[in-house]
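S.K.: Since chain A is already given, all that's left is putting chain B on it; use the hints.
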Amino acid sequence: MTKTIIALIGAATLAFSMATLAQDNDEAESRDEFRSIDQDVQTLKKEVLDLNRDLFLLEEELLFPANSQVAFFISMDVGEYFELDAVNIKIDGKEVANYLYTAREADALIRGGVHRVHMANLKTGDHELVAIFTGKGPHIRDYRRGATLNFNKGIGAKYVELEITDRVKKQQPEFVIKEWE
Amino acid sequence: MPRSRSIVSSIRSLLVVLVLVAPAAYAAKDDKDPIVVQDPQYGEVLYYFYQEDYFPAIVRLLAAQEQQQLDDHAEDAELLLGGLYLSYGHHLEAAKIFEQMLADNVSVEIRDRTWFFLAKIWYQRGYYEKSEQALGFISGELPKNLQREATMLRGQMLIDSGEYDRAIALLQNWEGKTEWASYAKFNIGVALVRSGRVEEAQQLLNDLGNLDPFNEELASLRDKANLALGYALLQDGQTMAAKTSLQRVRLEGPFSNKALLGVGWADAEIGDYRRALVPWMELRGRDLLDSAVQESMLAIPFAMAKLDSISQAADHYLNAIEAFYEEANRLDQTIAHIESGELFDEFLSIDPSDSTGWYWKLEQLPEGPEARYLLHLLARHEFQEGLKNYRDLNYLHRNLDRWQGSVDVYANMLETRKQAYEERLPKVEDALARADLDDMVNQKLQFDSTLNNIENSHDWLALSTRSEFEMWGEISGLENTPALRADMPEAAEVRDKIHLLKGVLQWQLERDFNDRLWRIRRDLNDAGEALVATQRSRRQIDETMRNEPLRFEELSNRVYGLAPRIEGMKMRVDDALANQRAFLRSIAVGELQAQKQRLDIYTVQARFALAAIYDVAAREGEATE
Numbered sequence: 001m002t003k004t005i006i007a008l009i010g011a012a013t014l015a016f017s018m019a020t021l022a023q024d025n026d027e028a029e030s031r032d033e034f035r036s037i038d039q040d041v042q043t044l045k046k047e048v049l050d051l052n053r054d055l056f057l058l059e060e061e062l063l064f065p066a067n068s069q070v071a072f073f074i075s076m077d078v079g080e081y082f083e084l085d086a087v088n089i090k091i092d093g094k095e096v097a098n099y100l101y102t103a104r105e106a107d108a109l110i111r112g113g114v115h116r117v118h119m120a121n122l123k124t125g126d127h128e129l130v131a132i133f134t135g136k137g138p139h140i141r142d143y144r145r146g147a148t149l150n151f152n153k154g155i156g157a158k159y160v161e162l163e164i165t166d167r168v169k170k171q172q173p174e175f176v177i178k179e180w181e
Numbered sequence: 001m002p003r004s005r006s007i008v009s010s011i012r013s014l015l016v017v018l019v020l021v022a023p024a025a026y027a028a029k030d031d032k033d034p035i036v037v038q039d040p041q042y043g044e045v046l047y048y049f050y051q052e053d054y055f056p057a058i059v060r061l062l063a064a065q066e067q068q069q070l071d072d073h074a075e076d077a078e079l080l081l082g083g084l085y086l087s088y089g090h091h092l093e094a095a096k097i098f099e100q101m102l103a104d105n106v107s108v109e110i111r112d113r114t115w116f117f118l119a120k121i122w123y124q125r126g127y128y129e130k131s132e133q134a135l136g137f138i139s140g141e142l143p144k145n146l147q148r149e150a151t152m153l154r155g156q157m158l159i160d161s162g163e164y165d166r167a168i169a170l171l172q173n174w175e176g177k178t179e180w181a182s183y184a185k186f187n188i189g190v191a192l193v194r195s196g197r198v199e200e201a202q203q204l205l206n207d208l209g210n211l212d213p214f215n216e217e218l219a220s221l222r223d224k225a226n227l228a229l230g231y232a233l234l235q236d237g238q239t240m241a242a243k244t245s246l247q248r249v250r251l252e253g254p255f256s257n258k259a260l261l262g263v264g265w266a267d268a269e270i271g272d273y274r275r276a277l278v279p280w281m282e283l284r285g286r287d288l289l290d291s292a293v294q295e296s297m298l299a300i301p302f303a304m305a306k307l308d309s310i311s312q313a314a315d316h317y318l319n320a321i322e323a324f325y326e327e328a329n330r331l332d333q334t335i336a337h338i339e340s341g342e343l344f345d346e347f348l349s350i351d352p353s354d355s356t357g358w359y360w361k362l363e364q365l366p367e368g369p370e371a372r373y374l375l376h377l378l379a380r381h382e383f384q385e386g387l388k389n390y391r392d393l394n395y396l397h398r399n400l401d402r403w404q405g406s407v408d409v410y411a412n413m414l415e416t417r418k419q420a421y422e423e424r425l426p427k428v429e430d431a432l433a434r435a436d437l438d439d440m441v442n443q444k445l446q447f448d449s450t451l452n453n454i455e456n457s458h459d460w461l462a463l464s465t466r467s468e469f470e471m472w473g474e475i476s477g478l479e480n481t482p483a484l485r486a487d488m489p490e491a492a493e494v495r496d497k498i499h500l501l502k503g504v505l506q507w508q509l510e511r512d513f514n515d516r517l518w519r520i521r522r523d524l525n526d527a528g529e530a531l532v533a534t535q536r537s538r539r540q541i542d543e544t545m546r547n548e549p550l551r552f553e554e555l556s557n558r559v560y561g562l563a564p565r566i567e568g569m570k571m572r573v574d575d576a577l578a579n580q581r582a583f584l585r586s587i588a589v590g591e592l593q594a595q596k597q598r599l600d601i602y603t604v605q606a607r608f609a610l611a612a613i614y615d616v617a618a619r620e621g622e623a624t625e
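Protein chains in written order, with the working numbering: chain A, 1 to 181; chain B, 1 to 625.
Note that these hints are calculated values from the structure, not bench results.
A virtual CB, placed ideally from N, CA and C, is assigned to each residue, including glycine.
Do not rely on the hints blindly, as some may be mistaken.
Sample of chain B residues facing chain A (criterion: CB under 10 Å; computed from the structure) [to be verified]:
1. TYR50
2. LEU62
3. GLN65
4. HIS91
5. GLU93
6. MET413
7. LEU414
8. ARG565
9. VAL573
Quick look at which bits of chain B chain A covers, simulated, 3 or more residues with Cβ under 8 Å [stated by the list, open to error]:
10. 120 to 130
11. 399 to 406
12. 553 to 564
Chain A with its partners taken away, still in its complex shape:
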């Protein structure tokens, strides 16, 4: 009896110890089944992504028609002298966005991402934009700065970029508002 049990355990343990490499028949079957389901999931993913694309475009067209659309973007260049916490945006004296950044979002900005912080519908003509940036400035001190831009909204979509850059000479951050045509 001892021999038999030992033989049984031995075989089982050897197989166990090599489990990451060995594939028995059951596993091969379940692998095939998984593949079949996975292929369905892959097809679904593609279709849902395409549907999301169509919905995204429809939403934008419905809510922000091209002739009145203005998009406001936040970006950072380098970001050595400023750690962004929040951005407050006023258009023509009216507060339209107050965005608080998570560490993950701020990191994405530092690494080159551009955040669409606000979308608006504006009439053609002159408008005033005021952006207030809060965060930590040089020497980890609380920092709050504003930037203003008077811009003209013509016919067609308009993009405005609020860029935080480093002014190396002064070792200070700089807040620049640019219009993208």
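M.R.: For chain B alone, kept in the frame of chain A given last:
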């Protein structure tokens, strides 16, 4: 809108993607090569990508491509899309892009890394042929860490397909003294055992079993090698050698229970049952879930019986039967809970972040009785990959749910806008009908002509005010009064006065002529510009009136067309979720059923042994009577 950035990342977008996809190569993400973001939409995709939110990143990229907003990044965007698909675990679509893109216009380094990651994901998802093919496409040198992983992957695939000699030949050339070298050695051992070259395997495993581990991973590999070698030697009848090997396994660790059991069997094999009881009794206090612990509960009374402690042996068999019974009951409850399907939602709820992606991995199980039974399921590729799919499908379901709500709102919004437009239209049409723009233009042209005549003829009277004109008329009327023609001094005096007044008035009118002419011409010009603007607005209004119904119709078609698409897709996602859940359930339940079957076998063995003991005791009792 070109603008230059000196920030961050990316030799090429794809490289960033691949770097992120490979946690092992993650360190390389701090490449400071400059990137030039020329389209805000591209930057926006990167914003989501860097947060590892692959789904919204892909949607934005697809939308921007559809709207042709990425003209400055067309090629990069396509590569980025492939990388995003890969990160998201959408490997078939990723492969399609890479197969098109990687043909000729991408560097060998990027191409090879891409094929490597595709090979890895395909291996994990059971697409072995595709994985092998992808490895075959690697033409140059991969970075060292990836090169090692790729070679190991090749070796595993060769072992899986039974090509042991080729696997041995491949892994034998391993260079260096890293953990990878030890793993390669272990895999060679496996291939040798499977190809029947046991003696060679023993030598290799013995080397591994004596290695000096410098980290937990290597210590675990050393234990694994000693355990495998120990049991191989036990089977071969080399009891003492087996014991030496098994005793090298650490007392605490994933392999310690089986090693203790084996040490006991080695002693039992040479008839030293008292000594065999030492490791087996140690096992008694350990987790009953482990098959070695379960088995020790049979081995202990077996040894006791051999040592003639029959009544103690009977007690231990009874304990074992009870413990197995209770364990089997717990297994039944767990199986019932798994079959209810709730377990898999609990899996997802312990990691509530909304992200998706291929390298998401469930590291721990939710607390509860199931956790201890299913722990080693987490090491199985199809279980982990199945969970990833289950998680992704849940995400898709929530995504479609959100859109379904939004589309209803959009449909209402569109109807309201349409209604407001239809209400406003008659008023606008009425106002437009009343405003005869052509007549206004004609009038303006007439005014221009009149003013030109006035200027040419220097007709200062034409620009007089109403009061001046009336005064001029009065003075002229007085001039023609017959009484004033009389030849008398009073009449002459009045004539002189009238003449003077007329002169003064004319002088004033001539003085103001140029100024008045300029003002009128300026007002006429303003009126002309206003007329042009009005004509432009009119054209826009006409265009809007022509296009708006078409636009409403087009948007309505899209909104109402998307609603059933969402509904249909949701149903398919539900079906896929059910299939995926059933698959995971079948693996988990299968695992527990196997454990229960083992317990049943042990219970039968215990009952059989107990019956034999009672039988012997009864016969001995009869004999003494």
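S.K.: Does the interface hint hold: is LEU62/B within less than 10 Å of chain A, judged Cβ to Cβ?
M.R.: Hint on LEU62/B: holds, closest Cβ of chain A at ~4 Å, below 10 Å.
S.K.: Given GLN65/B as an interface hint, is the shortest Cβ-Cβ distance to chain A below 10 Å?
M.R.: Status holds, d = 9 Å.
S.K.: Does the CB of GLU93/B sit less than 10 Å away from some CB of chain A?
M.R.: holds, 6 Å
S.K.: How about VAL573/B: closest beta carbon in chain A under 10 Å, or not?
M.R.: Because about 6 Å separates VAL573/B from the closest Cβ in chain A, which is inside the 10 Å limit, the hint holds.
S.K.: Are there three or more residues in the segment 120 to 130 of chain B whose C-beta lies closer than 8 Å to some C-beta of chain A?
M.R.: Check passed, 3 qualifying residues.
S.K.: How about TYR50/B: closest beta carbon in chain A under 10 Å, or not?
M.R.: holds, 4 Å
S.K.: Does ARG565/B pass the interface hint, meaning its C-beta sits closer than 10 Å to a C-beta of chain A?
M.R.: holds, 6 Å
S.K.: Holds or violated: is there a CB of chain A closer than 10 Å to the CB of HIS91/B?
M.R.: OK, holds: HIS91/B within 10 Å of chain A, min 7 Å.
S.K.: Is the interface hint satisfied for MET413/B? The criterion is a beta-carbon contact with chain A at less than 10 Å.
M.R.: holds, 7 Å
S.K.: Taking a Cβ-Cβ distance under 8 Å as contact, does the segment 553 to 564 of chain B have three or more residues in contact with chain A?
M.R.: holds (count 4)
S.K.: Under 10 Å, Cβ to Cβ, is where LEU414/B needs to be relative to chain A, so tell me if that hint holds or is violated.
M.R.: holds, 7 Å
S.K.: With a cut-off of 8 Å between beta carbons, are at least three residues of the segment 399 to 406 of chain B near chain A?
M.R.: Result for this restraint: holds, n = 4.
In the structure shown, no violation is registered for any of the earlier numbered hints.
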